[in-house]
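Visitor: Listed here are the chains, written in short residue letters.
2 protein chains.
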Amino acid sequence: MAKFTVTPWEVTGNIDYDEIQRKFGTTPIDDTLIQRITKYGDPHFMLRRGIFYSHRDLNWILDRYDAGKKFVLYTGRGPSGGTHLGHIMPWMFAKWIQDTFDVSMYFQMTDDEKFLFKDLTLHDIRNTAYENALDFIGLGFDPEKTKIILNTECVKTLYPLALKVAKKVTFSTAKAVFGFENSANIGQIFYTSMQAAPAFLASETEGKEIPCLIPCGIDQDPHFRVARDVATGLGYPKPCMIYCKMFPGLNGEDKMSSSDENITIYTVDTPKIVKKKVGRAFTGGCVSVDEQRHKGGNPNVCAVFKYNYCMFEHDDCKLEELSNRCKNGEILCGECKAILTQKINAFLEKHQAKREEAREVVDSMTFDGFKW
Amino acid sequence: MAKFTVTPWEVTGNIDYDEIQRKFGTTPIDDTLIQRITKYGDPHFMLRRGIFYSHRDLNWILDRYDAGKKFVLYTGRGPSGGTHLGHIMPWMFAKWIQDTFDVSMYFQMTDDEKFLFKDLTLHDIRNTAYENALDFIGLGFDPEKTKIILNTECVKTLYPLALKVAKKVTFSTAKAVFGFENSANIGQIFYTSMQAAPAFLASETEGKEIPCLIPCGIDQDPHFRVARDVATGLGYPKPCMIYCKMFPGLNGEDKMSSSDENITIYTVDTPKIVKKKVGRAFTGGCVSVDEQRHKGGNPNVCAVFKYNYCMFEHDDCKLEELSNRCKNGEILCGECKAILTQKINAFLEKHQAKREEAREVVDSMTFDGFKW
Chain P
3 MAKFTVTPWE
13 VTGNIDYDEI
23 QRKFGTTPID
33 DTLIQRITKY
43 GDPHFMLRRG
53 IFYSHRDLNW
63 ILDRYDAGKK
73 FVLYTGRGPS
83 GGTHLGHIMP
93 WMFAKWIQDT
103 FDVSMYFQMT
113 DDEKFLFKDL
123 TLHDIRNTAY
133 ENALDFIGLG
143 FDPEKTKIIL
153 NTECVKTLYP
163 LALKVAKKVT
173 FSTAKAVFGF
183 ENSANIGQIF
193 YTSMQAAPAF
203 LASETEGKEI
213 PCLIPCGIDQ
223 DPHFRVARDV
233 ATGLGYPKPC
243 MIYCKMFPGL
253 NGEDKMSSSD
263 ENITIYTVDT
273 PKIVKKKVGR
283 AFTGGCVSVD
293 EQRHKGGNPN
303 VCAVFKYNYC
313 MFEHDDCKLE
323 ELSNRCKNGE
333 ILCGECKAIL
343 TQKINAFLEK
353 HQAKREEARE
363 VVDSMTFDGF
373 KW
Chain A
3 MAKFTVTPWE
13 VTGNIDYDEI
23 QRKFGTTPID
33 DTLIQRITKY
43 GDPHFMLRRG
53 IFYSHRDLNW
63 ILDRYDAGKK
73 FVLYTGRGPS
83 GGTHLGHIMP
93 WMFAKWIQDT
103 FDVSMYFQMT
113 DDEKFLFKDL
123 TLHDIRNTAY
133 ENALDFIGLG
143 FDPEKTKIIL
153 NTECVKTLYP
163 LALKVAKKVT
173 FSTAKAVFGF
183 ENSANIGQIF
193 YTSMQAAPAF
203 LASETEGKEI
213 PCLIPCGIDQ
223 DPHFRVARDV
233 ATGLGYPKPC
243 MIYCKMFPGL
253 NGEDKMSSSD
263 ENITIYTVDT
273 PKIVKKKVGR
283 AFTGGCVSVD
293 EQRHKGGNPN
303 VCAVFKYNYC
313 MFEHDDCKLE
323 ELSNRCKNGE
333 ILCGECKAIL
343 TQKINAFLEK
353 HQAKREEARE
363 VVDSMTFDGF
373 KW
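Chains as they are written, first to last, in this note's numbering: chain P, 3 to 374; chain A, 3 to 374.
Please note that a few of the clues may not be correct.
A pair holds if it fits inside one copy or across any two, identical chains being indistinguishable in the list.
[As the list claims (entries may be wrong)] Straight-line C-alpha distance at most 30 Å; calculated BS3-like pairs for lysine-lysine:
no., residue 1, residue 2
1, Lys-356, Lys-274
2, Lys-210, Lys-120
3, Lys-210, Lys-373
4, Lys-210, Lys-158
5, Lys-170, Lys-71
6, Lys-120, Lys-170
7, Lys-41, Lys-72
8, Lys-170, Lys-240
9, Lys-278, Lys-25
10, Lys-352, Lys-147
11, Lys-147, Lys-158
12, Lys-147, Lys-274
13, Lys-25, Lys-240
14, Lys-41, Lys-373
15, Lys-274, Lys-72
FYI, nobody ran anything at the bench for these hints, they're computed from the structure. For clarity, every value in this text was computed on a predicted model and none was experimentally measured.
Use the sequences and the hints to build the structure in full.
Guide: What follows is the structure, given as structure tokens:
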């Protein structure tokens with residue numbers, strides 16, 4: 003029995019990422035593949051550390067790239083709440099792909115999905131989407147090569163593609179893939195077609211085969227399994243995937259959750275709030291200082307260490323040193339928390355400035371006649 | 003056991019319209035209601051003859067009208083083939099409502115529906131939709147007060163409304179109302195939301211309650227039952243309905259079908275084709291001339307008589323005279339067919355000229371930024 007759940011709408015429990023990979027049928031990113039990527043640039047630490055750990059057809063898309071065929075990137079955001087570090091992590095990686103391969107990016111904001119699955123109004127979701135877009139663009143995506151797709155606003159472009167997908171997906175399939183009951187609303191059932199659409203957009207627009215690479219959390223795989231299943235029949239290349247693990251919560255759980263503010267660091271959090279949240283983080287420390295000095299801590303279960311691992315310590319040597327010092331009892335949780343707080347606040351200070359600067363950029367971006 | 007089927011996608015067998023009315027729970031249009039309508043203008047012959055025979059909340063919408071609240075009209079067309087007389091009939095009636103009550107009309111062309119339910123391309127469906135639009139506008143709808151909504155092109159306006167509807171409709175409901183199996187595609191399941199949307203469009207756009215009256219075939223009731231069920235919860239008035247029976251085929255069956263060209267008269271048919279088709283029509287005549295002179299014909303089962311009844315003989319006295327002459331064996335089928343052929347061809351000659359003139363009008367019409 004699985005003690006965890008990973009679907010596009012629910013990620014709970016302690017996730018066995020190998021089992022998920024086996025269950026979904028995705029391919030591990032191994033050393034050979036990482037070695038191959040070295041050709042294009044220094045492999046991102048999220049690749050080296052197995053945070054982006056699984057894929058579908060990455061070799062194929064690199065073969066095409068080597069043959070001179072550029073791909074497009076596609077990722078997205080379900081704008082149900084403020085951006086937190088769990089969103090920032092894969093976006094940083096996506097930005098690295100954009101820079102390394104000099105490719106375009108479709109960024110889909112699924113306001114329709116959130117309306118259908120959450121108790122939110124389209125109006126509120128739209129405001130949230132704008133805030134999320136500031137974070138995305140604030141990370142430095144090339145505005146000339148990045149298109150923001152707000153589904154309800156850009157639906158004229160997406161809908162004909164979504165119809166083509168929908169025509170090839172039965173309720174049986176949607177039920178099997180997403181676990182829908184008969185009580186699911188008919189918008190939820192249709193929705194995956196809208197998420198598939200941008201994967202085929204470049205090929206449709208250009209009238210020729212343009213491969214698409216989707217970096218995202220592995221919880222989104224069900225959507226893209228559906229998209230891949232119908233692709234060939236529609237005359238589009240199957241979208242290729244590069245999947246990351248979930249960004250951990252400060253409670254040490256596998257996924258940072260928007261619904262629990264205390265274990266989640268938002269991009270707009272103040273230094274004081276960050277200090278408070280990190281201060282309460284779950285660590286691998288012992289009950290007493292003496293015990294920890296003697297026995298050492300356990301970085302494997304420590305949220306503070308995971309944050310360094312996933313995002314705040316890019317240098318592998320320094321990360322290992324931190325791990326060793328913890329295990330040897332040379333550094334205590336309080337000190338570690340203070341350092342992480344400093345790192346997060348330094349990051350957020352810069353990011354908050356950049357997301358403010360992004361306002362002008364986001365306001366000027368257009369797609370399908372849509373402008374914020 | 004019902005020996006007929008009436009759903010938005012299938013109308014077969016000899017329809018018991020009273021049973022359909024009972025099953026769907028719609029209200030008969032009785033003499034009192036027709037009397038009430040007399041106040042606004044001479045009741046259309048399709049009302050007098052029980053062709054438009056059933057309704058939902060027509061008294062309510064007239065109450066509002068009497069209190070100075072105008073309604074909007076909404077009808078539509080699934081553009082899967084050329085326009086035939088079966089489409090023209092209810093549109094003539096809709097035009098009469100527009101003129102009589104001086105109201106606006108939304109005309110929805112459901113290219114998405116036809117794509118999802120038929121083996122057709124969006125490209126071909128769009129071309130058909132344009133041809134259908136010529137027929138609609140050619141009937142004389144006021145271009146200032148009529149909006150043509152081609153779903154894939156006007157989806158930006160429809161989609162947020164469709165999402166609101168979809169959120170309130172479960173698969174169970176869709177299954178119960180439309181008879182979907184698990185093999186239905188997820189676009190088909192969602193589609194009813196798109197057909198509901200225009201019913202709420204005026205209220206949404208104006209930001210206040212605008213009643214909506216939908217004249218259409220009773221086969222469309224399942225869609226509007228769904229729309230009515232969700233309306234109040236969404237803060238919109240329930241759409242009101244006025245339903246007609248199906249236009250008969252030349253084979254005497256209850257519905258003219260696009261799929262059998264021989265029993266169907268298209269608006270672009272030549273006089274020669276019409277003559278041929280009517281010549282082969284099923285009548286209530288006897289085997290021999292002698293027998294018919296003696297026993298008389300049966301207009302009740304005769305396609306030729308039905309065509310006069312539904313569309314080509316507006317004068318009740320002349321219609322009765324025709325019926326009597328048939329029953330008395332005073333007129334034979336050949337003569338009747340020749341007269342009907344003449345009437346149809348006279349109508350089509352004028353209509354074909356008007357649909358050509360409509361080209362300029364249709365080309366100049368816009369909705370949601372869409373222009374053909």
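Visitor: State for each hint whether it applies.
Guide: Taking the hints in turn, this is what the structure says about them:
1. Proximity of Lys-356 and Lys-274 under a CA criterion of 30 Å is satisfied intra-copy only: 20 Å inside one chain copy versus 74 Å between copies.
2. In this assembly of identical chains, Lys-210 and Lys-120 lie within 30 Å of each other by CA distance solely across copies; the values are 26 Å between and 37 Å within a copy.
3. Both within a single protomer and between protomers do Lys-210 and Lys-373 lie at most 30 Å apart by alpha-carbon distance, with minima of 27 Å and 27 Å respectively.
4. With identical chains, the CA atoms of Lys-210 and Lys-158 are at most 30 Å apart both within one copy (20 Å) and between copies (26 Å).
5. Only within a single protomer do Lys-170 and Lys-71 lie at most 30 Å apart by alpha-carbon distance; the minimum there is 28 Å, versus 45 Å between protomers.
6. Taking the closest pair of Cα atoms, Lys-120 and Lys-170 come within 30 Å of each other both inside a single copy (26 Å) and across two copies (12 Å).
7. When the C-alpha separation of Lys-41 and Lys-72 is checked against a cutoff of 30 Å, the pair qualifies only within one copy, where the shortest distance is 16 Å, while the shortest distance between copies is 69 Å.
8. Only within a single protomer do Lys-170 and Lys-240 lie at most 30 Å apart by alpha-carbon distance; the minimum there is 15 Å, versus 33 Å between protomers.
9. For the homomeric pair Lys-278 and Lys-25, neither the shortest alpha-carbon distance inside one copy (38 Å) nor that between copies (64 Å) is at most 30 Å.
10. Only within a single protomer do Lys-352 and Lys-147 lie at most 30 Å apart by alpha-carbon distance; the minimum there is 23 Å, versus 55 Å between protomers.
11. Taking CA atoms no more than 30 Å apart as the test, Lys-147 paired with Lys-158 passes in both settings, with 21 Å inside one copy and 24 Å between copies.
12. For a Cα distance limit of 30 Å, the shortest separation of Lys-147 from Lys-274 qualifies neither inside one copy, at 36 Å, nor across copies, at 60 Å.
13. Proximity of Lys-25 to Lys-240 under the C-alpha cut-off of 30 Å is restricted to the intra-copy arrangement: shortest distance 20 Å within a copy versus 47 Å between copies.
14. For the homomeric pair Lys-41 and Lys-373, neither the shortest alpha-carbon distance inside one copy (38 Å) nor that between copies (50 Å) is at most 30 Å.
15. For a Cα distance limit of 30 Å, the shortest separation of Lys-274 from Lys-72 qualifies neither inside one copy, at 44 Å, nor across copies, at 58 Å.
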